[in-house]
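All chains, please: the whole structure from these sequences, using the hints.
Number of protein chains: 2
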Amino acid sequence: MSEVRQKAELAGRVTSVLSSLSTEQKNAALLVAAQALINASDDIIEANKEDLQRGRENGTSESLLDRLALNKGRIEGIAEGLKQIVELPDPIGETLETIDRPNGLHIVKRRVPLGVIGIVYEARPNVTVDAIGLCLKTGNAVVLRGGSSALSSNRKIVEIIHEALKGTAVPRDAVQLIEDPNRSSVDEMLKLNGLLDVVIPRGGSSLIQNVVQNATVPVIETGAGICHTYLDASATPEMATAISINAKVQRPSVCNAMETLLVHEDYATAHLSDLAEVFKEAGVELRGDDKTRSIVNWASEATDEDYATEYNDYILNVKIVSNLDEALSHIRQFSTKHSECIVTEDRENALRFQQEVDAAAVYHNVSTRFTDGFEFGFGAEIGISTQKLHARGPMGLPALTSSKYIIDGNGQIRE
Amino acid sequence: MSEVRQKAELAGRVTSVLSSLSTEQKNAALLVAAQALINASDDIIEANKEDLQRGRENGTSESLLDRLALNKGRIEGIAEGLKQIVELPDPIGETLETIDRPNGLHIVKRRVPLGVIGIVYEARPNVTVDAIGLCLKTGNAVVLRGGSSALSSNRKIVEIIHEALKGTAVPRDAVQLIEDPNRSSVDEMLKLNGLLDVVIPRGGSSLIQNVVQNATVPVIETGAGICHTYLDASATPEMATAISINAKVQRPSVCNAMETLLVHEDYATAHLSDLAEVFKEAGVELRGDDKTRSIVNWASEATDEDYATEYNDYILNVKIVSNLDEALSHIRQFSTKHSECIVTEDRENALRFQQEVDAAAVYHNVSTRFTDGFEFGFGAEIGISTQKLHARGPMGLPALTSSKYIIDGNGQIRE
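Protein chains in written order, with my numbering: chain A, 1 to 415; chain B, 1 to 415.
Fair warning: there could be bad hints in the mix.
Copies of one chain are not kept apart here, so a pair can be met inside one copy or by any two copies together.
Subject to a maximum C-alpha distance of 20 Å in a straight line, what follows is the list of computed SDA-like cross-link-like pairs (lysine to any residue) [as the list claims (entries may be wrong)]:
hint: 1; residue 1: K83; residue 2: A169
hint: 2; residue 1: K280; residue 2: P252
hint: 3; residue 1: K191; residue 2: L10
hint: 4; residue 1: K49; residue 2: S148
For the record, the hints were derived by calculation from the structure and aren't laboratory data. From a predicted model like this one, the values you see are computed outputs, not experimental measurements.
In structure tokens, the structure reads:
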């Protein structure tokens, strides 16, 4: 039997135990795991060095090496993340609905774990611990398939957590790490219907697309964000500048950062030239349509391909539109339905934008950078769903749950 | 452009209008459509005759022809179904959550339509109207791909509904029928990421498996039901007989009918012989394990393949177990996680069964036949979900919705 199938089966065998654990039991296990990670910092850093060494040999970029690197401070941060998950309310067991039928049936819809969750992700070892914490807190088993570049770190982290779980009510088999570095192990996970209840990809768009295109297991699509900010005619220049700069440069590498700025022609005539200078000072390359380039002559030309690109970088498309309709139409064509924003003092335009734009989060006078579990008050998130099924937007603990109907009667039969 | 892509794009162009319709506008359109179907009964029956004629020429079985056949009474029933959907509460626009953040962000999670829903189904033309009613009521566009055996009927029904919608606020393009009878049109639908937000299969297990195995679009898996009833040692014989007979024979062809009866050995010693006679009189063929066959000598042998088969017929597996654990273990191995039942007077065993069995509906002293939208009080359903993501169990109107976060602020930017 392959490693993937074997580990998924082991995970499946403990779902029943996991689903009946109390909140206290789960929290106690997470705290033990957090402490164990801190205690074993030196071992983790040692294992991490192997990954970094291999990465350097393979010519991995410095920025990727930085994301991969662990030190005492980062490990403390990771452990702190587990402690924060302990503080979150446990959704399992919650009564979602109670129905009493005329025939005496008593129906309760109760929140239950999903079962076994597969996570496919890339380099950063903090995702390993995050995913374990979120899955265990919700009574799920987890099958992790991290990037091969972090394999030594991940193996050590999981080894420590396995050891820590021994003294707790959480069975060790609830956490499984796929060590096979070949892509075929991912492909196999994606087809494990009946063993995995869901696969969640975390990473860049090629990883996500591979999962979406090849999985027969249900998937929660996350991440890709071509986010727009539309500056309406009535936008306040100070607010418009602050929001659009923040949306682009506060952290360009993330999915809720802005990729295209749409500007009403009246606003553009009055303020685009100044705004472009602010972007220039912030080191942002601008690509624009013809109208934009007639105002910002140093901008290069924006093509449809540019409008369809998630740069995650200091590059921004700028397009001048004649009205709200044209802005909505552009967004409809290019949005990945993640986060969209209108800056306006016109209440009706704001309402229309929020009604018509089809996205997980639609903002009025707020930077798109707020689409985030912590910013919404949910705490740690397993990702940001850009699909419409099951969960949409930042996925807190309830996104890792399902429900079941529990029905009591006294001999009811169907006529 | 292919028919499938063209029609999905047409549907996608009206989602914005659909999402902003009032409940009154949607209900008015459904009532007009219902009346139009009744008024055009003769035309529908005429078109249906073509399907029946073609079916007879192709050697379709009488039972399938019966499911395909329409007459005035059935058309009235179908129209009545639309009127019942009008009576259901409209979930769209519902506020699901309100969050006020310390930084002044006001976040509202609002229920919205999914967008464009693909339905892949088999012969019965009533599904065409049901699906249209449920999707329009929830502000969704629908792309229908019915079985080719009902194509003339479906074409006529959709033609009438298109005509009826002209005088309403619901755009005609909200309803699309794929007429291409080749399997390739289904395959194409299953890959329409970005155009279809979900595909829901309705039909037999081969249709469902084809969808699950080939779709890259999100799927809600429905239907397959290998349902068990476990008669515990303390079960009341009268209730146990009534429930198990009802679960098997009241309508054997449906997904919530029982396929395997598990019997505690003490109950079996005292009552299985009598119970088997009742099944015999009802025309049910029994297949049993060795212990069962030592009590019911006319039962044939049940294999693991039998335990894994959804008969949808007058055939039942019977297995004697030594205790609740063995029953739970059998269910874990063979259940499709649809509907499972324990008959017992032992409250603790009931609770444990309901806690540990992983299924959409878990019954105590009630026939599994109740897993149904109407029986749960939801009204018409688009199917019964056997997956854990998004919706589980009977899917009423809320299962056809998503949510979006609408965020208002006054210039907040992320630090």
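Evaluated hints:
Taking the closest pair of Cα atoms, K83 and A169 come within 20 Å of each other only inside a single copy of the chain (17 Å); across copies the shortest separation is 53 Å, beyond that limit. Only within a single protomer do K280 and P252 lie at most 20 Å apart by alpha-carbon distance; the minimum there is 15 Å, versus 71 Å between protomers. In the homo-oligomer, the alpha carbons of K191 and L10 lie at most 20 Å apart inside one protomer (17 Å), although the nearest pairing across protomers, at 33 Å, exceeds that limit. When the C-alpha separation of K49 and S148 is checked against a cutoff of 20 Å, the pair qualifies only within one copy, where the shortest distance is 14 Å, while the shortest distance between copies is 61 Å.
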